[in-house]
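Those protein sequence lines, which keep their order, are chains E and B. Here my numbering is used: the first residue of the first sequence is 3, the next is one more, and so on. Here my numbering is used: the first residue of the second sequence is 561, the next is one more, and so on.
Calculated from the structure, these hints are not laboratory results. Predicted model, so just to flag it, every value in this text is computed and none were measured. Please note that the accuracy of each hint is not assured.
To be verified - From the structure, some residues in chain E lie toward chain B, with a derived Cβ separation under 8 Å:
| no. | residue |
| --- | --- |
| 1 | Ser137 |
| 2 | Leu139 |
| 3 | Asn210 |
| 4 | Ser251 |
| 5 | Leu262 |
| 6 | Val273 |
| 7 | Thr426 |
| 8 | Tyr535 |
Said to hold, decoys possible - Every beta carbon over 10 Å from chain E, so not counted as near; a handful from chain B, in silico:
| no. | residue |
| --- | --- |
| 9 | Lys601 |
| 10 | Leu625 |
| 11 | Thr668 |
| 12 | Asn714 |
| 13 | Thr729 |
For glycine and all other residues, C-beta sits at the position ideal for the given N, C-alpha and C.
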Amino acid sequence: MSTVITSQENAAVASYDLHHEHHHHETFISKYVFSMDHKTIAKQFLITGIIWAIIGGFFSVIFRLQLGYPESTFPWLEDILGHWAAGGKLRPEFYYALVTMHGTVLVFFVLTAGLSGTFANFLIPLQIGARDMASPLLNMMSYWFFFLASVIMMSSLFVQTGPASGGWTIYPPLSALGDASLGSKIGMDLWLVSMAMFIVSSLLGGLNYITTILNMRTKGMSMTRMPLTIWALFFTAVLGVLSFPVLLSGAILLLFDRNLGTSFFLSDIIVAGKILPNEGGSAILFQHLFWFLGHPEVYIILLPAMGMASEILSVNSRKPIFGYMAMVGSLFAITILAFLVWAHHMFVTGLNPFLGSVFVLLTLLIAVPSAIKVFNWLTTLWRGNIRFTPGMLFAIGFVSLFISGGLTGIFLGNSALDIHLHDTYFVIAHFHIVMGVASFFGMFAGVYHWFPKMFGKYLNNTLAYIHFWVTIVGAYLIFWPMHYEGLAGMPRRYYDFANWESFKMFGGLNEFISVVSMIVFAAQLLFVFNFFYSIFKGRKVTSQNPWEANTLEWTTPVRPGHGNWVGEIPEVHRWAYDYGKDGRDFIPQNVPIGEDETTH
Amino acid sequence: MTTVMIDHTKNKIHPHKFTLWVGIGSILMMFAGFTSAYIVKRNMANWQSFDLPGAFWYSTGIMALSSVALWMALKAFKQRDMRRYRWMLAATLVFGIFFILTQVLGFTQLWDRGITLKANVSYSFLYVIVGLHALHVLGGIITLVVMSLKAFNNRVRSYSVIPVELISTYWHFVGILWVYLLLFLIMIK
């Protein structure tokens, strides 16, 4: 090749780059099934995520039916769910199974794998100027471990005793004792095995994302020129790589307790009048291990949405993002704080009150970087030349939800208030708005914005606007009233409130929430239809850069092949946010700096 | 083209090596999870301390020997002394297998002393922590088997140093992790 290459190391890296440029003839299987192309893997994550989202969303419709109409029976339910809903009424055991699976599926399979898996895979190589991930093989394995996890979790829905039903947080002893409930039997084992596969998938993905971002950037793409999406996906991967192994350690100990008779989390337990031999364990220990992942997990879900919203808001306001370095700094601050606040989920576990106050302080500190982000989003919008594309609407919706949900976080972060609000509908409302729906909005924004790059087609705008308005109004109508129910003490996880005098007054409200949730679910089906219909029949993208954006993915052909760029990878000369500069609407990153032009 | 590539790759660590380092960070977090749980649990009631079996000391010595052997294998590979590389790689593998055997022996000694998996939560921790470390060593052994087969197969000619460097890093890591866990279990029991 050349004698200029000096060290063995450089030779290896250079040949590695060359290898990436080399293309093989592809069969259907290697192109669409066991593909190593990051874009195909991204689509695999997205479509698997969509399937899970429909399933997880449908579960919520079923249990909302129980909560909205506790006295009624629905004979058709028995047709769908069989013995789960004998006589047309959901059995309590399966109500708990549905709630548990709704949480598990949406938190892990949709908003972690479906969100990070999709956009980290799709955007990282395209936006930093790389032909593919650092290790396409690990990347492919990451998807197939997720697929395996999906199959195992799905199979747990069909076992006789039903899937796990102790809540998505799988606290022992319900999760540690096979006899504790129906869902504690084989369903719980399948849950743990599935999650172990899922963690392997996340780790393989995360390793790849971090390495790719740090190692494979094109010439000129310094860290401070990276789009904020990449920064957000980078911190997300760091959070995942450092926190998921701790959940794995908790899951391993739980598997030992369940199947090998150890007592890590069990002590002094009597089941059906029989004293169990387990001694010396601590159920609280599990909560520490779980929430050490569980809280960073919240940001694993939220950060990609933040990054995409930042990018989309800037592109569609035709203005530079306000406070780029502050945005990066606040992402970093959130990442650090994410590891230091887990015990705020445990204020009522008998935690030492002094320790509690330390966690209160650390928790409330998160308000600072969060407020910086909100301020910068709003100032980016301020006096912008805003284009209300569907992606933009969802990005603005994300900011709205993040503010509404973030404010109630200040309530819950205070231990004095949390002791009253813990395990009530206030908590449900808070985390659904700030983590669930907000991240979904980020994900929708991303899908609407990058769909033309993914499939070379546009989504239908009319359906998109209906989808947006029904979802944002519906989301507030569902979760806003829950704050009042929670303040009144209405506990979460109850199967039927009709037996409690104090919660009877909420019967009508619960029915209202249930009706709205069904309408919102129907609107999501509209999106799913739009998604699949547009892949085949959507309007064709004819321009290389339909949103007139600066980032590198829009310098590729309309439908890029494996390797992304034909010919050389573009060189980067500027940051990603030169909008409305020097009288020009936008200046893509690969345009060299002009002679008398100032850099940002 | 060539000069561009050199600019592009100068001073950059090979992506696979970097991935391995991040992976090591991840494995460390898992063991940090176990050892923190261990410390938290130790401060609660019903904790019985234990003495480690003698066989674990042999494990430590063998691990050190295997690390030295792999270090020499890597050196030989870089000098293109393939004969020496093959034998040193095989020596690493044999030492690795002996490491696992001494671990099994250690667990047998523990079991005979009544330190069984279920008897006390401290013993359970010991089994899980040491056992999972052994699983990581086993992963390394499988890689070493594959690499040895390739090294001894005359038809395969691979001169890339990257796989050898990757296994070296990983193997030294599990060695150091073992020493750390051993010290941890001796000092905090």
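Going down the list of hints, with the structure as the test:
no.: 1; hint: Ser137; in the structure: holds (6 Å)
no.: 2; hint: Leu139; in the structure: violated (10 Å)
no.: 3; hint: Asn210; in the structure: holds (7 Å)
no.: 4; hint: Ser251; in the structure: holds (4 Å)
no.: 5; hint: Leu262; in the structure: holds (6 Å)
no.: 6; hint: Val273; in the structure: violated (18 Å)
no.: 7; hint: Thr426; in the structure: violated (28 Å)
no.: 8; hint: Tyr535; in the structure: violated (39 Å)
no.: 9; hint: Lys601; in the structure: violated (6 Å)
no.: 10; hint: Leu625; in the structure: holds (27 Å)
no.: 11; hint: Thr668; in the structure: holds (17 Å)
no.: 12; hint: Asn714; in the structure: holds (23 Å)
no.: 13; hint: Thr729; in the structure: holds (14 Å)
Hint violations for this structure: numbers 2, 6, 7, 8, 9, all remaining hints satisfied.
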